[in-house]
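At position 178 of the sequence shown (counting the first as 1) the number is 264 in this note's numbering, and the numbers step up by one without a gap.
These aren't lab readings, by the way, just hints derived from the structure by calculation. You may find that some hints are simply not true.
Here are the simulated lysine-lysine pairs, DSBU-like style, with alpha carbons at most 35 Å apart [unchecked claim]:
| id | residue 1 | residue 2 |
| --- | --- | --- |
| 1 | Lys191 | Lys220 |
| 2 | Lys126 | Lys277 |
| 3 | Lys184 | Lys219 |
| 4 | Lys126 | Lys264 |
| 5 | Lys276 | Lys264 |
| 6 | Lys191 | Lys126 |
| 7 | Lys126 | Lys187 |
| 8 | Lys252 | Lys187 |
| 9 | Lys252 | Lys281 |
| 10 | Lys297 | Lys277 |
| 11 | Lys230 | Lys126 |
| 12 | Lys126 | Lys184 |
| 13 | Lys219 | Lys132 |
| 14 | Lys161 | Lys187 |
| 15 | Lys287 | Lys203 |
| 16 | Lys126 | Lys203 |
| 17 | Lys287 | Lys264 |
| 18 | Lys287 | Lys118 |
| 19 | Lys201 | Lys126 |
| 20 | Lys126 | Lys288 |
| 21 | Lys201 | Lys132 |
| 22 | Lys276 | Lys203 |
| 23 | Lys276 | Lys126 |
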Amino acid sequence: MKYKIFTAIIFVFLMVSYGQAAVPNFGDDGLKGLSESQIKDLSEGKIIFSTTDSANNESKEAKSSIITATLLLNKLPEEIYNILYHTEDQIKYLEEIKEIKIIRKSEVQDNIEFKLKILMISLEYRVIHNFDKKNLYIHWAMDKNFNNDLQSLQGFWKLYPYPGGKTLARYGSNVSVKNVPGWLENMFKKKGVEKSLNCVKKYVNTGWILKK
């Protein structure tokens with residue numbers, strides 16, 4: 087039961103960065119920091135994961151495990167960016183999301199309210215997404231002016247051209263739910279992120295939409 091709940095909670099938090107406005111430096115081609123074997127695995131369609139601990143915790147109780155991932159998507163970067171820009175469309179491919187409300191949206195920023203139902207647990211929270219089309223960069227964090235059911239939320243997507251008309255995507259995420267120990271959340275973060283990214287790949291590459 088605990089496994090299902092926490093995997094599902096992590097699963098739905100797709101867009102989260104280190105909370106910095108500066109564009110992450112993954113090199114000109116996005117491959118910076120990857121080993122030769124990881125690049126080979128990437129070319130074979132695998133998602134490359136790593137986990138780091140934040141050095142900027144606000145307290146000893148802060149949940150600090152940051153999941154980063156690299157993956158290939160079968161469309162050009164501009165197309166991928168335009169798909170990810172529509173953050174309200176997450177309800178199409180993430181089954182736990184029951185309602186999405188657009189508080190405001192422009193070319194450079196939006197504020198989206200999410201309502202989730204996971205087993206017997208309901209969660210509400212608002213996310214501010216920032217869009218940098220020139221740099222193919224999207225990053226976001228929790229709207230702290232809303233009474234969120236989360237402790238913290240942050241994340242990013244950074245896109246790069248890849249041979250064959252594909253996109254190399256670098257992703258990072260961190261989310262913490264109130265009243266849940268950090269060690270317990272961290273047990274399920276990678277599995278939840280992996281599930282969510284596979285849904286993103288399926289949606290982006292094939293146009294697949296979840297049947298609600």
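We went through each hint and held it up to the structure:
In summary, the hint linking Lys191 to Lys220 is supported, as the alpha carbons are separated by about 18 Å, within the 35 Å threshold. Simply put, Lys126 and Lys277 have alpha-carbon atoms about 22 Å apart, close enough for the 35 Å limit, and the pair holds. Among the hinted pairs, Lys184 with Lys219 is consistent with the structure: their alpha-carbon atoms are about 29 Å apart, no more than 35 Å. For the suggested pair Lys126 and Lys264, the alpha carbons sit about 39 Å apart, so the restraint of at most 35 Å is broken.
Under the criterion of a C-alpha separation no larger than 35 Å, the hint pairing Lys276 with Lys264 is consistent with the structure, at around 19 Å. Restraint check: the Cα-Cα separation between Lys191 and Lys126 comes to about 39 Å, which exceeds 35 Å; the hinted pair is violated. Restraint check for Lys126 and Lys187: not satisfied, since their Cα atoms lie roughly 40 Å apart, outside the 35 Å limit. Between Lys252 and Lys187, the direct Cα distance comes to roughly 31 Å. Compliance with the 35 Å bound is thereby established for this hinted pair.
For the proposed pair Lys252 and Lys281, the alpha carbon gap of about 21 Å is at most 35 Å, so the pair holds. Distance check on the hinted pair: Lys297 and Lys277 sit about 22 Å apart at the alpha-carbon level, within 35 Å; holds. A threshold of 35 Å between alpha carbons decides the hint, and for Lys230 with Lys126 the separation of about 41 Å lies outside it, so the pair is violated. The suggested pairing of Lys126 with Lys184 is violated, with an alpha-carbon distance near 38 Å, which exceeds 35 Å.
Proximity of Lys219 to Lys132 is assessed by CA-CA distance (about 26 Å); at most 35 Å being required, the pair is judged to hold. Taking the CA atoms of Lys161 and Lys187, the gap is about 28 Å. The hint holds against a cut of 35 Å. As the CA atoms of Lys287 and Lys203 are separated by approximately 23 Å, the hinted pair is consistent with the 35 Å bound. Pair hint Lys126 plus Lys203 does not hold up; C-alpha atoms about 38 Å apart against a cutoff of 35 Å.
Distance check on the hinted pair: Lys287 and Lys264 sit about 29 Å apart at the alpha-carbon level, within 35 Å; holds. A C-alpha spacing of about 22 Å is found between Lys287 and Lys118, which places the hinted pair at or below 35 Å, so the restraint holds. Taking the CA atoms of Lys201 and Lys126, the gap is near 39 Å; set against the 35 Å cutoff, the hint is violated. About 21 Å separates the Cα atoms of Lys126 and Lys288, which keeps this hinted pair within 35 Å; it holds.
Distance restraint check for Lys201 and Lys132: the Cα-Cα separation of roughly 31 Å lies within the 35 Å cut-off, and the hinted pair is therefore satisfied. Note on Lys276 and Lys203: the hinted pairing holds, with a Cα-Cα distance of about 21 Å set against a maximum of 35 Å. With a C-alpha separation of about 21 Å, the suggested pair Lys276 and Lys126 falls inside the 35 Å cut-off, and the hint holds.
Checked against the numbered hints listed earlier, the structure breaks hints 4, 6, 7, 11, 12, 16 and 19; every other hint is satisfied.
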